[in-house]
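Engineer: Okay, here's what each chain looks like letter by letter:
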Amino acid sequence: MDKKRRILKLGFLILALLVSIATLYAAETSPQVTQVTEQTVGMSPLTFFIILLVVTTLMGIFAVLAGVGGGVIFTPIMMGFTPIDSYIIRTTGLFVAMSGALVAARPFLKRGITNVRILFMAAVPYGVFCIIGALLAGYIHATMGVTGEALVRGTLGIIVIAIGLLFVFAGGRAEWPEVKEVDGFTEKMALDMGYWEDSLNKVVDYKVTRAWLGIILFCGVGLISGMFGLGAGWAMVPVFNLVMLAPLKVAATCSKVLISIGDTAAIWPYIAGGGMFALFAVPCMIGLIGGTLIGARIMLKIKAGFVRWLIIVIMFFAGIRLLMKAAKMLHWM
Amino acid sequence: MEQRPKPPISGVIYGEFAFWFAIIGMVIGTIGAIWYLMGGPHVMDPQVFLSHLLQGDTAEEIWQATTGHPITYGHWYLHKISFSDAFALLGVGICCLAAVVGMWGAFIGMLFSAEEKARRMYTLYLFLILIMAIILTLSAIGVISLHH
Numbered sequence: 017m018d019k020k021r022r023i024l025k026l027g028f029l030i031l032a033l034l035v036s037i038a039t040l041y042a043a044e045t046s047p048q049v050t051q052v053t054e055q056t057v058g059m060s061p062l063t064f065f066i067i068l069l070v071v072t073t074l075m076g077i078f079a080v081l082a083g084v085g086g087g088v089i090f091t092p093i094m095m096g097f098t099p100i101d102s103y104i105i106r107t108t109g110l111f112v113a114m115s116g117a118l119v120a121a122r123p124f125l126k127r128g129i130t131n132v133r134i135l136f137m138a139a140v141p142y143g144v145f146c147i148i149g150a151l152l153a154g155y156i157h158a159t160m161g162v163t164g165e166a167l168v169r170g171t172l173g174i175i176v177i178a179i180g181l182l183f184v185f186a187g188g189r190a191e192w193p194e195v196k197e198v199d200g201f202t203e204k205m206a207l208d209m210g211y212w213e214d215s216l217n218k219v220v221d222y223k224v225t226r227a228w229l230g231i232i233l234f235c236g237v238g239l240i241s242g243m244f245g246l247g248a249g250w251a252m253v254p255v256f257n258l259v260m261l262a263p264l265k266v267a268a269t270c271s272k273v274l275i276s277i278g279d280t281a282a283i284w285p286y287i288a289g290g291g292m293f294a295l296f297a298v299p300c301m302i303g304l305i306g307g308t309l310i311g312a313r314i315m316l317k318i319k320a321g322f323v324r325w326l327i328i329v330i331m332f333f334a335g336i337r338l339l340m341k342a343a344k345m346l347h348w349m
Numbered sequence: 076m077e078q079r080p081k082p083p084i085s086g087v088i089y090g091e092f093a094f095w096f097a098i099i100g101m102v103i104g105t106i107g108a109i110w111y112l113m114g115g116p117h118v119m120d121p122q123v124f125l126s127h128l129l130q131g132d133t134a135e136e137i138w139q140a141t142t143g144h145p146i147t148y149g150h151w152y153l154h155k156i157s158f159s160d161a162f163a164l165l166g167v168g169i170c171c172l173a174a175v176v177g178m179w180g181a182f183i184g185m186l187f188s189a190e191e192k193a194r195r196m197y198t199l200y201l202f203l204i205l206i207m208a209i210i211l212t213l214s215a216i217g218v219i220s221l222h223h
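Chains as they are written, first to last, in the numbering used here: chain A, 17 to 349; chain B, 76 to 223.
Pulled out of the complex, with its shape left as it was, chain A reads as follows:
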């Protein structure tokens, strides 16, 4: 049964990749593409605001239904399917991921589900490397011109496809992973805690392990998040849950709160660098947060397994489109 599922997943993956490449190649070589871009330039600011609001609201709804953060789909889609400069998109991407996380953090912390010790331990490496990523992005943007832009889009394309693959194959998260042995470093850090689990109507006391490895991994996650303006819940939850063996609920809430801290550290260099514009940032912020709230309500009423697959296909589309754009910029296509 498991083998059959794997073959099905693989078949779906190959089909999605083939369809994505074929569609995008056809679209890229069509002369209509340039006409569409020219037409949109004549759009009024109000129309642009409304279109952006609707599109980002839909992104927020689908993201929640698929169990991912809005920030992780906003940047690749915008970079893959709009002509807008990547530096501006990354600035706004970080902002929307951060603002969504800031609003979501409160109930988790108020109910004590988020482990503040794990949070503050991870915040320093994640935040510092987020800033390094943001500065690196600014440096590439300022010094490498079109090659830098192509490099950023191409690397993001690979990352987005890798995230899509992660969603397809890494389904094995554990609700309450069993910690058999706690290493010396983690023991010294005193990260063990308890939280009230409503579904069990009791306190769940838990331990975590491999904090040292978590710290190393958070450096890498922070760098990617800061450099590409992505929310990083897709990477943080597996680090907390599969590496450090924190309960899934704790992992998910820690990840949300950590995004609010780390992305704040990275957003300021982007703002100070002049990459934030009100007419682009505000509708994206309202749309994604509004969409997330609507999506959370819809999720309670419907079974939305297919949406996850839809998001995966969109991510493959965006990833391949980014790679094609990068290849075009480098005159490889």
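Please keep in mind that the hints were generated in silico from the structure rather than gathered at the bench.
One or more hints might be untrue.
Straight-line Cα separation of at most 30 Å, DSS-like style, residue types lysine-lysine; simulated pairs [stated by the list, open to error]: (1) 204/A to 81/B; (2) 218/A to 81/B; (3) 192/B to 204/A; (4) 126/A to 317/A; (5) 223/A to 192/B; (6) 265/A to 196/A; (7) 81/B to 223/A; (8) 196/A to 218/A; (9) 126/A to 192/B; (10) 218/A to 126/A; (11) 192/B to 196/A; (12) 81/B to 196/A; (13) 223/A to 126/A; (14) 192/B to 218/A; (15) 126/A to 81/B; (16) 81/B to 265/A; (17) 204/A to 265/A; (18) 204/A to 126/A; (19) 265/A to 192/B; (20) 218/A to 204/A.
Take a look, some chain B residues computed to stay more than 12 Å from chain A by CB distance [to be verified]: (21) 143; (22) 154; (23) 157; (24) 183; (25) 187; (26) 189.
All of these numbers come straight from a predicted model, not from anything done at the bench.
Think of the CB as a built atom: it goes at the ideal place given N, C-alpha and C, for glycine as much as any other residue.
Fit chain B to the known structure of chain A by using the hints.
Structural biologist: Same frame as chain A, now just chain B:
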């Protein structure tokens, strides 16, 4: 019947500050954006901005085309609050300030919390929060920045 554990005060304070600052920032940002769309006084002409944004121009090119001068680095909007787009960006700035204020609140909360003081490695975590609060502050005031 088991009792619900009390949430750490540092986390609760961070959550409250972060939430309310973010909400205030979002409201101001939204008011500013609506004012901007209604034709309020502005630093960047919205139509010119949009046209250059959708042409794929860089931030530098957009600044040059809309304001006639290169990018004003740092918190330029603070000096132009009477303009609608600067007012909207003030809202964005307040939203981005939420975690900075929240982190200082968490530090003060942990500093005076008897429950947290009683736990092992209290000093280490107090120090970690302080480091993060300082990093966020330095980033927010523009000490950590890249002026290209």
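Engineer: Hint by hint, note whether the structure agrees.
Structural biologist: Verification of the supplied hints:
1. 204/A to 81/B: Within the cut-off at roughly 23 Å; holds.
2. 218/A to 81/B: It holds: about 14 Å lies between the C-alpha atoms, which stays within 30 Å.
3. 192/B to 204/A: holds, 16 Å
4. 126/A to 317/A: Satisfied, since the Cα-Cα distance of roughly 26 Å is no more than 30 Å.
5. 223/A to 192/B: Answer holds: residue 223/A to residue 192/B is near 20 Å, not above 30 Å.
6. 265/A to 196/A: holds, 19 Å
7. 81/B to 223/A: The hint holds at about 18 Å.
8. 196/A to 218/A: holds, 22 Å
9. 126/A to 192/B: Roughly 19 Å between the alpha carbons, so the hint for residue 126/A and residue 192/B holds.
10. 218/A to 126/A: Cα-Cα ~17 Å, so holds.
11. 192/B to 196/A: holds, 28 Å
12. 81/B to 196/A: Distance ~27 Å between residue 81/B and residue 196/A Cα, so the pair holds.
13. 223/A to 126/A: Holds. Residue 223/A to residue 126/A sits at ~21 Å (cutoff 30 Å).
14. 192/B to 218/A: holds, 25 Å
15. 126/A to 81/B: Within the cut-off at roughly 9 Å; holds.
16. 81/B to 265/A: holds, 17 Å
17. 204/A to 265/A: Satisfied, since the Cα-Cα distance of roughly 24 Å is no more than 30 Å.
18. 204/A to 126/A: At roughly 26 Å apart (the allowed maximum being 30 Å), residue 126/A and residue 204/A satisfy the hint.
19. 265/A to 192/B: holds, 26 Å
20. 218/A to 204/A: Holds, at roughly 27 Å.
21. 143: Label holds. Min Cβ-Cβ 14 Å, cutoff 12 Å.
22. 154: Residue 154/B is indeed farther than 12 Å from all Cβ atoms of chain A, at 14 Å.
23. 157: Holds, because the least Cβ-Cβ distance between residue 157/B and chain A comes to about 15 Å, which exceeds 12 Å.
24. 183: holds, 14 Å
25. 187: With a cut-off of 12 Å, residue 187/B remains clear of chain A, as the shortest Cβ separation is near 15 Å.
26. 189: holds, 16 Å
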